[in-house]
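Given chain A, put chains R and W in place with the hints provided.
Protein chains in written order, with the UniProt record's numbering: chain A, 1 to 177; chain R, 1 to 78; chain W, 1 to 251.
Keep in mind that the hints were calculated from the coordinates and are not lab data. Check before you lean on any hint, since a few could be wrong.
Below are the DSS-like pairs computed for lysine-lysine, each with C-alpha atoms no more than 30 Å apart in a straight line [said to hold, decoys possible]:
id, chain 1, residue 1, chain 2, residue 2
1, A, K46, W, K89
2, A, K46, W, K67
3, A, K46, W, K145
4, R, K10, W, K198
5, W, K93, A, K46
Sample of chain A residues lacking proximity to chain W, with all beta carbon distances greater than 12 Å (derived) [unchecked claim]:
id, residue
6, K76
7, A80
8, E81
9, D118
10, I132
11, V155
12, G159
13, T166
14, A169
Note that the Cβ used here is the ideal one computed from N, Cα and C, for glycine as well.
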Amino acid sequence: MATATHGAEELAKAEAGMPQLDFATFPNQIFWLLVTLVVIYFVLSKIALPRISTVLAERSGTIMNDISAAEELKLKAKEAEEAYNAALAEAKAQAQQIANETRATIQADLDAATAKADAEISAKAAESAKAIAEIRDGAMDSVKDVAKETAKELVAAMGASADARTITAAITARMKG
Amino acid sequence: MEGNIAELGKYIGVGLTAIGMGGAAMGVGNVAGNYLSGALRNPSAAASQTATLFIGMAFAEALGIFSFLVALLLMFAV
Amino acid sequence: MATEAHGSESSLVFHPMDQFKVTPLFGEGPVHWYTITNVTLWMAITVLAVILLLVVGSRGRAIVPSKGQSIAELAYGFVYKMIEDVTGKDAVKYFPYVMTLFIFIVFSNMLGLLPLSFTTTSHIAVTGVLAVLVFLFVTILGFVKNGSKFLALFWVSSAPMAVRPLLAVIELISYFVRPVSHSIRLAGNMMAGHAVIKVFAGFAAIAAISPVSIVAITAMYGLEVLVAFIQAYVFTILTCVYLKDALHPVH
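So that you can see chain A by itself, here it is in the shape it has in the complex (with noise of 0.2 Å):
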């Protein structure tokens, strides 16, 4: 390489360098550093970070009221399904109770009925067998008159004649034998 070419080497080094070590650059940068992070630090410290903070405090806050209002829901909906299930026992009980009283009432009315019809039908039998003996009776009477007729004629017819007294005993001595 020639000198030229050196010495234009040199320049570009001295224009290129290491910036980074310019050091007559730093006071530049380090006084508009410090003024971007007083600048940062205050818009967070006081907009920024208390703003966010109390969002998410409020958000946390907003979740777990409502993680308790569902707690609470849920307590409710097992108190309403614990209530439901007690009426619901109460009303079975109620409706056995019911039934048990409306069938016992029924069976009542049927016994008395029951009853009712028997004592019926048992003065009915009786009526019905005091008329069946009133014409067991009847027959009987017309029987021994019956009776006491043919024997009457057939003696007559025989050629002896009885008197009706020895008759009507003889014929109710033979009927109750």
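Leaving out everything else, chains R and W in the frame of chain A:
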């Protein structure tokens, strides 16, 4: 090719210094690899140690950056 | 811009560091401490983006959040959980400081990924100030909260007596290296990613390999999006770790 012997030495020096960054690369790889093998053994403890991982990587890398810096200084500032 | 200095010699020109130049926004001239430069512009855009997300996005104060509000809440919850998990519940009062750091870094990193933008966090001056602020804050807080007991951080009481002085020296050194590594990690990562993308972009000048170069840029871009977030995360979580040391210095 004619030239300046000082330039030659400078560039050789820069190249040698750059080797230092290879060491840092191995160091960082070592940190990450050991972290990974540890994390695979015990994944539940891995999440709590990521900060340590990055600190370790930063320390390992800083030394590589030092050698890089020396290379840059040799290249541009000396 | 890139072709000006070297253009005549070859088609391959790499000026990966040009994108990090601090230049006055209006006119030419030296950069004074008050000059309005591209640093100012991109920091202002960062502030606007932060306000847009965290203030305008959350203005609804809705119980069921909108998209913007849920992103703002996500960012809030992310950092809040980080500081609570790593540092402990008593550190929650330092949450605004940590949140400021995180939001600033993550927005700067992400905005820096826009084409033609300027990445404020790729400058050691910026990250150095951030790291030194954390370092001073933690050290002062440690001494205010714990007094001389804060020095127990360097006196490893679980080690044998013989090695304790040696360990104390090592702990002391590592304590003072903290701001250095803290700042260089962030700036280095940002610078490296952007420079690599720029180098790949330089290869695109050769027609034959320009498709490869575009694929490589795309892949690097995806990685850089990841790195931009992870570095903000790492910076914040290390701040939390240092805070924990300040609040509970027992080793």
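Structure versus earlier hints - violations, ascending order
When the structure is compared with the hints, none of them turns out to be violated.
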